[in-house]
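> In my numbering, the protein residues as written are 801 to 1195.
Just so you know, these hints were derived from the structure itself, not from any lab. Take these hints with a grain of salt, some might be off.
In silico EDC-like cross-links for lysine to aspartate or glutamate, where the CA-CA straight-line distance does not exceed 16 Å [as the list claims (entries may be wrong)]:
{"#": "1", "residue 1": "K959", "residue 2": "D919"}
{"#": "2", "residue 1": "K1047", "residue 2": "D919"}
{"#": "3", "residue 1": "K958", "residue 2": "E941"}
{"#": "4", "residue 1": "K984", "residue 2": "D949"}
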Amino acid sequence: MFEKELEELNQKSLLRTLRRINSAQGPRVKIDGREIILLSSNNYLGLANHPRVKEAAIRVIEKYGFGSGASRLISGNMTLHEELEERIADFKGTEAAILFNSGYTANIGIIPALVGKGDFIYSDELNHVSIIDGSRLSSAEIRIYPHKDMTVLEELLKKDKNNGRKLIVTDTVFSMDGDIAPLKDIYNLSQRYSAFLMVDEAHATGVLGSKGRGAVEHFALKGENIIQMGTLGKALGTFGAYIAGSKDLIVYLRNKARSFIYTTSLPPAVAAAAIEAINIIAEDNSLIKGLWDNRKVFIDGLHSLGFDTLSSETPIIPVLAGNIHKALEMAETLYEECIYAPAIRPPTVPEGSSRIRTTVMANHTKEDIEAALSAFRKIKNGKGSNNHRCVERTR
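Could you build the full structure based on these sequences and the hints that come with them?
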């Protein structure tokens, strides 16, 4: 069975493979022994290898060891977990917060805890798969509205006005398109129709807002009535995820979110690293500014070359290829030019919209950006690479 299905994927050019990175995560990495510009990482602020983040983790390993040994409700609740939750709540401007082991486990835990059979979920059609899976696990009725279409969202809310609990859930920054949800309009609809509003700030935390607090800050909204999920493994450069909100919500999730209750807690060193990452961006917004400066240079360069970057508004910049084979060819040329940005194909994106999903980082240099644009210029001109420094052809 597996052999047949794998062959079918291969025939459709949809078989996924892994490239091994054998260096620290940074603007440049080592792949196959060669230095490559990394143009596809969610390590937006370059904190994954920041000296202060590493030092914080090392200090805590020396004091507490590595593993936590159990779930939080058994014996795995350690000082650093509570300190990180307090730091997140302060950073996000909420009463409290709760840690999860990843964005995926957060979403599949919180959504079924909030709504169930007889209730309703309103979900943007481009929401992350973790939201989709969490919604399916809940047994609630799922209403999918067209991407960022507030007219349809309101029509759906009106239709269900007198029925069960309602949950509107949306990414704030969409991971494959790089655009931003109209959060103020969604918030207003949630208030008008007495719906919970849950936002997934995975790609907004550390990126949007003058202090990097995410889309809630970006749109100058107060967080009291918004359930904020976010991750620690993207712009914050560490690992894990959180829900931030009211004290009652957090206590409720401790008792109802299965992916919190039934999993071993994060290692304390991970929590210490995340606290330090938040401290870094809270003290100085120069990394956020550098990220957006690099984004402007890069996207302006792509537009000058005539590339379609869809509706990108953030450091996630898709470069549309269209068909699968074109996207794979673009990725191969980039790799030959010492740029690593893999092709994104269905089912991650819709048929006919295969792309290169590029992401800039705060610590990409001017030379890095210029090298990436030079590689895209070769693609635009239809010229294959004659550069064999990064790839030795083996076909």
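> Honestly, which of those hints from before does the structure not fit?
2
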